[in-house]
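**Q** Given next are the chains, with one letter for each unit.
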Amino acid sequence: MHYVKCCGIALLAISSVAPAAEPDPAGYLLAPRAFRAAAARVLPSMVTIETYGGVSGGGKKGKISGISGPGDGPTTGVIVSSDGLIVTSTFNFIRKPPIITVTLRDGSQHVAELLGRDETRKICLLKIAGVKNLPVPTFVPRSDVKVGQWAISLGVGYGDDDPALSAGIVSATNRISGKAVQTDANTSPANYGGPLLDIEGRVIGICVPLTPSSQAEGAGVDWYDSGIGFAVPLHGADDLIAAMKAGKTIQTGKLGIQTKAATEQGGVVVAGIMENSPAGKAGIKPGDEIVAIAGEKVQDLTQLRAVMGRFIVGDEVTLSVKRKDGESDIKVILAALPDSPAGAPQVEGGKPGPRPKGPGK
Amino acid sequence: MPRLIKNKLVLRVAGTATLVAATLVAAGNVACAAEPAVDNSAAAQNVFASAVAYAQARCVKLYGAGIGRDHGYATGIIVSADGKVLCAQGVYLAADRIRLVLPDGSTHVAEVLRRSDAIQTALLKIDVPTPNYFDVPDVCPAKKGDWVLAVSNLFKVAEGTEELSVNMGVASLRTKLEAHRGFSEVRYDSELLLIDAITSNPGAPGGAVVTADGKLAGMIGKIIEGTATNTRLNYAVPADLLRKFIDDKPIAEPATPSLVSTDKIKPGTFGILLFTLSGKRSPAYIDRVQSGSPAEKAGLKKDDLVLGVGAEIVHSVGDYQKAIADLKAGVEMTLLIKRGNDIQRVTMVSVEVPSATPANAIEKPVAPAIPAEGKSTEPLPKTPLPIKPVDDEKKVD
Chain A
1 MHYVKCCGIA LLAISSVAPA AEPDPAGYLL APRAFRAAAA RVLPSMVTIE
51 TYGGVSGGGK KGKISGISGP GDGPTTGVIV SSDGLIVTST FNFIRKPPII
101 TVTLRDGSQH VAELLGRDET RKICLLKIAG VKNLPVPTFV PRSDVKVGQW
151 AISLGVGYGD DDPALSAGIV SATNRISGKA VQTDANTSPA NYGGPLLDIE
201 GRVIGICVPL TPSSQAEGAG VDWYDSGIGF AVPLHGADDL IAAMKAGKTI
251 QTGKLGIQTK AATEQGGVVV AGIMENSPAG KAGIKPGDEI VAIAGEKVQD
301 LTQLRAVMGR FIVGDEVTLS VKRKDGESDI KVILAALPDS PAGAPQVEGG
351 KPGPRPKGPG K
Chain B
1 MPRLIKNKLV LRVAGTATLV AATLVAAGNV ACAAEPAVDN SAAAQNVFAS
51 AVAYAQARCV KLYGAGIGRD HGYATGIIVS ADGKVLCAQG VYLAADRIRL
101 VLPDGSTHVA EVLRRSDAIQ TALLKIDVPT PNYFDVPDVC PAKKGDWVLA
151 VSNLFKVAEG TEELSVNMGV ASLRTKLEAH RGFSEVRYDS ELLLIDAITS
201 NPGAPGGAVV TADGKLAGMI GKIIEGTATN TRLNYAVPAD LLRKFIDDKP
251 IAEPATPSLV STDKIKPGTF GILLFTLSGK RSPAYIDRVQ SGSPAEKAGL
301 KKDDLVLGVG AEIVHSVGDY QKAIADLKAG VEMTLLIKRG NDIQRVTMVS
351 VEVPSATPAN AIEKPVAPAI PAEGKSTEPL PKTPLPIKPV DDEKKVD
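If you're matching them up, the sequences are chains A and B in order. Numbering (our numbering) for the first sequence: 1 to 361. Numbering (our numbering) for the second sequence: 1 to 397.
Do not take every clue at face value.
[Said to hold, decoys possible] As a list, the in silico DSS-like pairs of lysine-lysine whose alpha-carbon atoms are at most 27 Å apart:
# : chain 1 : residue 1 : chain 2 : residue 2
1 : A       : Lys248    : A       : Lys96
2 : A       : Lys96     : B       : Lys302
3 : B       : Lys176    : B       : Lys328
4 : A       : Lys260    : A       : Lys285
5 : A       : Lys281    : A       : Lys331
6 : A       : Lys146    : B       : Lys144
Note that these hints are calculated values from the structure, not bench results. Keep in mind it's a predicted model, so treat the numbers as computed, not measured.
So here's chain A without its partners, still in its complex pose (with noise of 0.2 Å):
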């Protein structure tokens, strides 16, 4: 960092005393007593989660969704209703454990019930029965956080009860199709389901693996406490749990189509249309160039996937083509596809266009 670059100070002769603090007049030696009063308003809401049993993938050897396994320690959660609904990642239950406890901030461990998740924000909900009053933390709207502000990630995954806790700033506020805030504290498989709080305690989001090039499993992962890490914001996300609560899977929706650049300059064209296609069945065929998906002109492939990541199953999406006869709307109602194999599950099938990078290094 800039500021630690110079040192240029002169040293005493003989000395094992530590220098006196520099002036701070900016506040920076101020910053980790808010860090730990940030941590510990958000604490009440933050839950242990531990699974027992489920695919083993401990050890070196294992692989589960391409990644090593994912560890044998606790995993992190945050309450999200009074009554018992607490948000985590996907990733804590990647070994699809049978048996997920919960363990509040008082001590009691209650076993809880996997309810529905997103896979597109590889979040999802878990039940707890028999609890009321439960501590529910303030979520940030969306349009308050900037990028540059302090960002803390807490989470358990360590083995202890006390949460670690990384600081940096907030990166970005807009990655992966608008799903995710992008931060260079710390995130990884210590902290995935725990939150991404503001200087002020309130969570900006819940610590997630993403990565914009697969929704496999345990795809982002690679990326751990490496300076990006991603968080999904909940405020707002009402419908999200709800549909969550009610057990739905939101995954992402597929066009079923794969694709070629048009020209060297870029656009896309359709190569071929994949078995079940709801893009076929709109009567989208081969040869069909997409100009414009959703109202936004499609630029090329990259951003065609970006543009489809705001969308998942069921979402209806309107394809600008253009044909020998001329260009024409076309509805398509998104669908859940089964993954194209070599784990590239993309909206485009991912030939011949640039293949997708899987979670490997």
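Following the hints, position chain B against chain A.
**A** Showing chain B alone in chain A's frame:
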């Protein structure tokens, strides 16, 4: 004194989080136009300069043997005026000649005085005076959330008299890694200070982790991958443990009673027989509770699920067997039990394995071929079996 001013400021605003926040939002945006009072001079922004310079003057570069993926270089911390240097354990120490480069660029040959397995640390000595050294405190000065500066020879990018690299972060958590969660390669069984600066890089181990006012908080530890998170840990060996090591005092706490293997104490049992027909990886459901056993007295029943034994989490039958493998008689332990949707903690005291009831006595398989715990019809030997850890851990993986 600057420090006094700082403390006053903290006291004044600490009562209201919002005020602190307001101050800090300004702090994070030094160039903010709405804060005319902010001093933008380089000196004012560089609140860590003294601490960094102080630490850099007290760290050394180490070069030794590199074998395969183990790097032959590291960092060290000067801890006395007579040439004592702390560093992390590593293959590089196996070299015939450990080369130590002081901040002035002079090269010296270091010898290893002592090593500690508990904190994976070694104490080196060179034969020249080292007037600049760290005072290693009795108490770690970094609290959770405090700024920490990590000074190290990472990737050996600093050569000769070049200053060591600095990473900044905060102290994340002081914790003890659960030994049973099996950390790969390194046996580090003491407390450590997790930090969020990325220090798990080649060459960084042995580097100094200091607070914003230059006090030694710890030493960057040998690289560890933790199975709790399956990630590399960024951590420091806390300064107070380094102090104990320098003073040659014991570091590791005494082992918990249940793990003390005293020959005179007989192997113990709770009288729980698990359902093991679906293998060691299946959840630890109780198949039978032996009559008159501690488990029966505690009210445990068939189909109860064991989720934990003491501090150990039980994912499976194999975990339970491991957890009680060394159990002695007369040990009080709390089991975490799930019955239906209820979770209970049940405390019991183990009793001696009853050698007179051969068929069902023991809670671990005598041989891997026998499916259920104690379901063997073979009589047990008259003397209690020497209880050993289940040796099929490799198969579990």
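**Q** Output the numbers, in ascending order, of every earlier hint that fails for this structure.
**A** none
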